[in-house]
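Based on the provided sequences and hints, a complete structural model is requested.
Going down the list, the protein sequences come from chains E and Y. Note that the first sequence covers residues 0 to 248 in numbering that gives the first Met the number 0. Note that the second sequence covers residues 0 to 248 in numbering that gives the first Met the number 0.
Read the hints as simulated data drawn from the structure, not as lab findings. Glycine included, C-beta positions come from ideal geometry on N, C-alpha and C. Incorrect hints may have been included.
Straight-line Cα separation of at most 27 Å, BS3-like style, residue types lysine-lysine; simulated pairs [stated by the list, open to error]:
hint, chain 1, residue 1, chain 2, residue 2
1, Y, K102, E, K102
2, Y, K135, E, K12
3, Y, K135, E, K102
4, Y, K239, Y, K102
5, Y, K102, E, K29
6, Y, K239, Y, K159
7, E, K120, E, K239
8, E, K2, E, K12
9, Y, K29, E, K221
10, Y, K221, E, K221
11, E, K102, Y, K159
12, Y, K82, E, K135
13, E, K6, E, K29
14, Y, K221, E, K239
15, Y, K82, Y, K2
16, E, K135, Y, K135
17, E, K75, Y, K102
Far from chain Y by the CB rule (all over 10 Å, computed), these chain E residues [unchecked claim]:
hint, residue
18, K15
19, N19
20, A46
21, T72
22, P83
23, S125
24, H156
25, P184
Protein chains: 2
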Amino acid sequence: MTKAELKRLTSYKHEKYRNNDNLFVVEGVKMCQELLSSNYDLIAIYANEEITDRYQVTIITDEELRRISLLSTPNKAYCLVRKPQSVAIDYDNCPILALDGIKDPGNLGTIMRLADWFGVKDIVCSPDCVDVFNPKVVQASMGSVFRTNVHYENLQHFIKSLPDDFAIYGTVVENGENIYQSKLPPRGIIIIGSESFGISNEIQALVNHPLTIPRLSLHLNKPESLNASVATAIVLSEFKSASLRTNKK
Amino acid sequence: MTKAELKRLTSYKHEKYRNNDNLFVVEGVKMCQELLSSNYDLIAIYANEEITDRYQVTIITDEELRRISLLSTPNKAYCLVRKPQSVAIDYDNCPILALDGIKDPGNLGTIMRLADWFGVKDIVCSPDCVDVFNPKVVQASMGSVFRTNVHYENLQHFIKSLPDDFAIYGTVVENGENIYQSKLPPRGIIIIGSESFGISNEIQALVNHPLTIPRLSLHLNKPESLNASVATAIVLSEFKSASLRTNKK
Numbered sequence: 000m001t002k003a004e005l006k007r008l009t010s011y012k013h014e015k016y017r018n019n020d021n022l023f024v025v026e027g028v029k030m031c032q033e034l035l036s037s038n039y040d041l042i043a044i045y046a047n048e049e050i051t052d053r054y055q056v057t058i059i060t061d062e063e064l065r066r067i068s069l070l071s072t073p074n075k076a077y078c079l080v081r082k083p084q085s086v087a088i089d090y091d092n093c094p095i096l097a098l099d100g101i102k103d104p105g106n107l108g109t110i111m112r113l114a115d116w117f118g119v120k121d122i123v124c125s126p127d128c129v130d131v132f133n134p135k136v137v138q139a140s141m142g143s144v145f146r147t148n149v150h151y152e153n154l155q156h157f158i159k160s161l162p163d164d165f166a167i168y169g170t171v172v173e174n175g176e177n178i179y180q181s182k183l184p185p186r187g188i189i190i191i192g193s194e195s196f197g198i199s200n201e202i203q204a205l206v207n208h209p210l211t212i213p214r215l216s217l218h219l220n221k222p223e224s225l226n227a228s229v230a231t232a233i234v235l236s237e238f239k240s241a242s243l244r245t246n247k248k
Numbered sequence: 000m001t002k003a004e005l006k007r008l009t010s011y012k013h014e015k016y017r018n019n020d021n022l023f024v025v026e027g028v029k030m031c032q033e034l035l036s037s038n039y040d041l042i043a044i045y046a047n048e049e050i051t052d053r054y055q056v057t058i059i060t061d062e063e064l065r066r067i068s069l070l071s072t073p074n075k076a077y078c079l080v081r082k083p084q085s086v087a088i089d090y091d092n093c094p095i096l097a098l099d100g101i102k103d104p105g106n107l108g109t110i111m112r113l114a115d116w117f118g119v120k121d122i123v124c125s126p127d128c129v130d131v132f133n134p135k136v137v138q139a140s141m142g143s144v145f146r147t148n149v150h151y152e153n154l155q156h157f158i159k160s161l162p163d164d165f166a167i168y169g170t171v172v173e174n175g176e177n178i179y180q181s182k183l184p185p186r187g188i189i190i191i192g193s194e195s196f197g198i199s200n201e202i203q204a205l206v207n208h209p210l211t212i213p214r215l216s217l218h219l220n221k222p223e224s225l226n227a228s229v230a231t232a233i234v235l236s237e238f239k240s241a242s243l244r245t246n247k248k
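Encoded structure:
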């Protein structure tokens with residue numbers, strides 16, 4: 000690798016330089032394989048051994064990999080990928096998921112993996128959510144970043160623009176409808192609030208189906224809440240299992 | 000603070016010194032308040048302002064706090080706590096949760112918070128799980144570390160020693176019983192496998208009720224799995240909601 004190339008790749012540790020070149024970084028053999036089986040536009044692969052015979056791989060040393068890698072323990076392969084063009088939201092694939100101020104990269108990645116598992120196609124993020132191409136988000140998604148469409152929108156405007164027959168579900172820690180005892184018609188949007196503040200007031204005002212996961216704790220009023228990705232897991236599981244339960248033994 | 004004290008507290012960044020003195024560290028105002036309302040044995044509080052009038056607080060400077068803190072952005076308060084004595088497992092509070100090789104501190108902390116939410120009292124960890132008093136586990140638990148009993152046991156021996164009428168549930172990615180269509184009598188233990196390898200072979204051999212969360216993805220065989228804490232969320236939600244659903248509208 001030339002010095003200039005090493006310098007350019009190292010610069011991609013910073014969001015600014017990735018954005019300038021409209022690309023993001025994918026690391027690790029497994030994640031790079033997920034990438035190669037996606038329709039994402041690969042710019043270049045750098046690895047310390049041949050990991051594919053379908054694309055040209057630039058072989059680099061362990062030391063070069065260590066220098067360009069964003070991981071504390073780099074794993075063999077590093078890919079540069081062009082950011083995808085935005086696609087239209089599929090209003091017929093419901094529920095849609097909306098995230099209001101999710102800041103933790105691990106949470107966003109985990110939520111994408113979960114959405115992917117349950118067949119959710121579109122995730123709408125408020126502009127203050129963490130960037131979906133943040134390297135920690137990409138890694139935590141375990142490849143689901145290539146299979147879910149993430150959109151950044153002013154949530155208030157977006158929700159107001161939804162079709163009239165859309166239900167606006169929102170998860171609240173207390174005083175919502177018990178999620179286990181609610182009918183959950185899928186045509187709608189599920190809003191998940193931020194780790195620290197829940198759903199913001201102006202968005203909460205638009206919710207017409209507040210949902211609560213009942214706290215069955217042995218301790219009064221504790222814990223105060225569930226982790227955002229864990230709450231999303233329970234809510235999506237409830238929506239997606241409703242049709243399967245009709246056969247419940 | 001004397002130099003010797005500063006040095007001693009700084010040494011507690013290392014597990015070895017915490018173990019030598021049989022204590023662990025709790026940081027942040029909110030977590031310290033959770034601690035003060037628990038029955039855990041407080042050794043000392045260091046803070047840059049008075050945060051309680053019930054205990055003696057050693058006032059320290061921001062710089063001192065920065066030096067002893069394990070957090071990248073220290074938050075006002077730092078407590079030393081004695082590790083709790085081990086308590087007996089309550090076999091009448093079911094299901095019990097067992098973790099087989101959970102290595103990620105965030106996952107263990109999140110699972111404790113979830114167990115706390117759903118009224119699970121005991122979590123049995125294989126010896127290769129991350130230490131429950133690892134600072135990242137303590138922080139991710141958001142105080143639930145004070146309200147759940149975590150035991151480290153040889154899981155194989157432990158499971159074999161369970162009462163005969165205990166069901167041994169295990170989560171598997173494929174070919175288990177559809178969790179949404181299974182009766183889930185709570186008297187039993189639920190085994191959650193490691194992030195990378197799932198349930199180990201010798202433990203899997205003891206499972207008599209394998210459970211699978213159906214993958215409803217739009218993509219064939221993708222994603223390969225769910226995050227361990229998210230899978231635990233869905234499984235616990237199913238067990239704990241069974242009795243609530245009898246009233247489902």
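Hints that the structure is at odds with (numbers, increasing):
Failing hints, ascending: 10, 11 and 12.
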